[in-house]
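Listed below, chain by chain, are the residues.
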Amino acid sequence: MASEFVTLVSGDGFEFIIPRSTACVSGTIRRMLDSSSKFSEAVSGRCELENISGIVLEKVCEYFCYNEKNKDQTNVPDMDIPPELCLELLMAADYLDT
Amino acid sequence: MDNEVPLPPPPRIRHRSPNKTPAASGSSLRKTYQLSRFDDQPSSDPALFSSDDVPASGLENYHAPVSSVSRKRRYRGTWWGETVKDSKRKRADFKEKRHADSGVWMGSDELGAESLLPSEDAPSWGEDILKDTSNSTVTGRTVDAVMRDSDQWEMQGPAWMQWSGLKKVEEPTEHQAARNIVHECLETGQESVDLSNCNLRHVPSGLLLPLQHLTKLPAIIEPPITEETYSSLQPFLRLFLTGNSLQTVPGELFDLGSIKVLSLRYNKITEMPPAIRKLTLLQEVNLAVNRLHYLPWELLWLIKKGDLKHMKVRPNPLMEIQEAEIAQWHSPEGTEIESSSGVLKLCDYKGPAPEEAWAPLHVATGPVRRFNMEGMPVDVQTSGAYANQPIEESRVPSLREVSLLACTRSFFFDQVSDEEMVEYPGLIIRLLRKAKEVRSGGGRSCSVCHRGFVIARTEWIEWWDCSTYESGLKGPRSPGEKLRPLPFRRLGCSWACVPDAGTGQRNQEARGL
Chain A
1 MASEFVTLVS GDGFEFIIPR STACVSGTIR RMLDSSSKFS EAVSGRCELE NISGIVLEKV
61 CEYFCYNEKN KDQTNVPDMD IPPELCLELL MAADYLDT
Chain B
1 MDNEVPLPPP PRIRHRSPNK TPAASGSSLR KTYQLSRFDD QPSSDPALFS SDDVPASGLE
61 NYHAPVSSVS RKRRYRGTWW GETVKDSKRK RADFKEKRHA DSGVWMGSDE LGAESLLPSE
121 DAPSWGEDIL KDTSNSTVTG RTVDAVMRDS DQWEMQGPAW MQWSGLKKVE EPTEHQAARN
181 IVHECLETGQ ESVDLSNCNL RHVPSGLLLP LQHLTKLPAI IEPPITEETY SSLQPFLRLF
241 LTGNSLQTVP GELFDLGSIK VLSLRYNKIT EMPPAIRKLT LLQEVNLAVN RLHYLPWELL
301 WLIKKGDLKH MKVRPNPLME IQEAEIAQWH SPEGTEIESS SGVLKLCDYK GPAPEEAWAP
361 LHVATGPVRR FNMEGMPVDV QTSGAYANQP IEESRVPSLR EVSLLACTRS FFFDQVSDEE
421 MVEYPGLIIR LLRKAKEVRS GGGRSCSVCH RGFVIARTEW IEWWDCSTYE SGLKGPRSPG
481 EKLRPLPFRR LGCSWACVPD AGTGQRNQEA RGL
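Chains as they are written, first to last, in UniProt numbering: chain A, 1 to 98; chain B, 1 to 513.
Mixed in with the good hints, there may be bad ones.
[What the hints assert, rightly or not] As a list, the in silico DSSO-like pairs of lysine-lysine whose alpha-carbon atoms are at most 30 Å apart:
1. B/K482 to B/K350
2. A/K69 to B/K434
3. B/K278 to B/K350
4. B/K434 to B/K216
5. B/K434 to A/K71
6. B/K312 to B/K482
Since the hints were derived computationally from the structure, they do not count as laboratory data.
Just chain A, with the same shape it has in the complex:
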């Protein structure tokens, strides 16, 4: 049985351990971790995201939690994104399909 937490590793070696359900907000990670697939990520519960830097991945994880937290809310608060990160985040969002 797969663990409840997964590890996301950034290109520069930062590791973020977040709940599996939270990480599955991203379509790419969801497909990586799909237990029916035989990807190594699904077995080990560790996703190496080579092209995302640690700073951006931290913000991505923050977004995952923000998404998970506000899933059922009707009044969703805004999430703050520093302007210098928004282009890189956009790229990451495209890659992660979220």
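The hints should help you fit chain B onto chain A, whose structure is shown.
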């Protein structure tokens, strides 16, 4: 009384009470004089007038010698008896301190006096404002962006010039003419800004924004002045952009919150931005003779919640309800379907017109189109029918949306030119272009939850009959009048923002199941 701050103990109590002062005034002058010889502080109260305690001033001892000791008592210190130890030094201390800057600016300072003087005449001052505002709102949307006075521009914003890689371009004459008109209106406090037939293809940036500062000039009226001669100086701003060749509506138009009459008749506008909602004081709008297929739902919002009373939208190539796909027909109160033609019409009524003869009537709602996170349409059939479609019902914006919104809100977004964008990875160029388009249109906000957004996730058409508002509320609908509904397009920011989502009932039902 209890919480009063206790006073410090008096170091030396002076006798001030009248029963202990032996000397009154008149008769015992000599006594006080002697007293004051050995004690600098006479025991009597100070005299009322300054000359009273000078012994020589009295008639009775007119020839008495005036001693240097007898002078008006000077007392420094607190009322309860503390005296200042060395009062003479205080003055010197203060003088030494004078060089320090107190931080208080006095109008009489020489430096300040210069800047107070009106160094320039009024017109050039107005131009400064004009330039300032145009400088701050450059959208960078057009490469052939125009500059009024290129020398000034280079001085003011060299960084900006480098960023967008612009060359000096002479402003087209029609733009210069338009700027002159706006300038003239600002100068004279003219409320009707007539930019009709100016051959404008687009509105140059910074043309309209100065109108924010338009103020009426008070009329000078000969006396007698009655109450009627007083009038508001709040301008009744009317903007006419009639008869130009505009294809899009500039976003900065929607920053002029005080517009009350707006005419965009006879242009080539294909879509009216939803940002029109920001013009909450709008009373009359004319969008006739354009290329609109539908209207923004926000116009309807202005009718219902705002002041909009007259909305001219025909002729336009608007969609017809007979040809459109309808997901749900509404039968608003007071209407019935005509049996022969199937057209909705108003019920017959007698006597005074009921409310529904005036109000806009919701006739029908079109099917909801959904878009994925990229803004591409999603086929409803493949992703499940919309009635029992539980996937992604949340209102949380996607990460793409969150970061795009942050992009549009950041100041550097305007400075990124189209050429530079080509160098970005192909995946995001399309999204960024979309974001630019939305930004130049004045931004969008969800018609259901009012959140700002860039990529619409849902879209549907609502059909409303507003015939009373089209005629400027001249009269109610006549009994049995056929309804001629107009298409209003609504946009939602998430898949949960769909028709009737405001009540949230369907959401709860879906979750309960």
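- Does the alpha-carbon distance linking B/K434 and B/K216 stay inside the 30 Å limit? Answer violated: B/K434 to B/K216 is near 39 Å, above 30 Å.
- Task: Could you grab the alpha-carbon distance between B/K278 and B/K350 and see if it respects the 30 Å cut-off?
- Result: violated (39 Å)
- Under the criterion that the straight-line Cα-Cα distance not exceed 30 Å, is the pair A/K69, B/K434 satisfied? holds (29 Å)
- Message: Run the distance test for B/K312 versus B/K482: straight-line Cα separation, threshold 30 Å.
- Response: Holds, at about 19 Å.
- 30 Å limit on alpha-carbon distance, applied to hinted pair B/K434 and A/K71: holds (26 Å)
- Item | Agreement of B/K482 and B/K350 with the hint, judged by alpha carbon distance not exceeding 30 Å | holds (17 Å)
Hint violations for this structure: numbers 3 and 4, all remaining hints satisfied.
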